[in-house]
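Q: Residue-level listing of the chains:
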Amino acid sequence: EADIYQTPRYLVIGTGKKITLECSQTMGHDKMYWYQQDPGMELHLIHYSYGVNSTEKGDLSSESTVSRIRTEHFPLTLESARPSHTSQYLCASSDGAGLGTEAFFGQGTRLTVV
Amino acid sequence: AQSVTQLGSHVSVSEGALVLLRCNYSSSVPPYLFWYVQYPNQGLQLLLKYTSAATLVKGINGFEAEFKKSETSFHLTKPSAHMSDAAEYFCAVTGIQGAQKLVFGQGTRLTINP
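Going down the list, the protein sequences come from chains A and B.
Just add 9 to the spot in the first sequence (first one is 1) and you have the working numbering.
Just add 621 to the spot in the second sequence (first one is 1) and you have the working numbering.
A couple of the hints might just be wrong.
Claimed, not checked - What follows is a list of derived Cβ distance ranges for each label pair: (1) L639/B / D104/A: 32 to 42 Å; (2) V650/B / G60/A: 16 to 26 Å; (3) S691/B / S63/A: 34 to 44 Å.
Stated by the list, open to error - Not close to chain A: a few residues of chain B, all C-beta gaps over 12 Å, as computed: (4) S647; (5) S649; (6) F655; (7) Q666; (8) K670; (9) T676; (10) K679; (11) K690; (12) E692; (13) H696; (14) T698; (15) A707; (16) T715.
If you are wondering where the hints come from, they were derived from the structure by calculation, not from laboratory data.
The C-beta atom is built at its ideal place from N, Cα and C for all residues, glycine as well.
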């Protein structure tokens, strides 16, 4: 049973506001990821982390930032939201203990910036 | 570098018919391949994965996929479609290096006709 949680599920916010999308997992996984999913379904990696105090940019450039102070928590922050940030954001984690281990996904946060 | 191409952004089949979703990969290292399913307003759920053991992989909900190195393919099949199979399907690849980041295809929307 995968235990990875994202809050909020849906968020509508005005331009210029600062927002934080929360992601927590209770599986003790070292690796965590943020994906952005556009309306055409495609998923793009925007941030990942190998473990505590480790964060890296993903393949798609993003104005968001992340932090990894605790193993279980990997929040994503937008300092000033813009309509171009409107998207679905999916958080995932994997234990990476063996090769080919799968990633477990949260239910996603659908962000709309107006 | 690794990439995945899913042929057909939208596939429509009749209930009870064969489901075939196509995935071709490109990888400079031995690949690990995954199929995920996404239901509306949900995160991604693992259907099955290939990790260099058996080339024919069986997953949940009656799905299976066959790894064919000569064709660089990992197509997903199900003998008899059910209405509940309607969803988005994503093929993904990761390698033995790096943070085991998943690289996704663009997704295929499966519609089941009654």
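Q: Identify every previously stated hint that the structure contradicts and give their numbers, smallest first.
A: 6, 7, 8, 16
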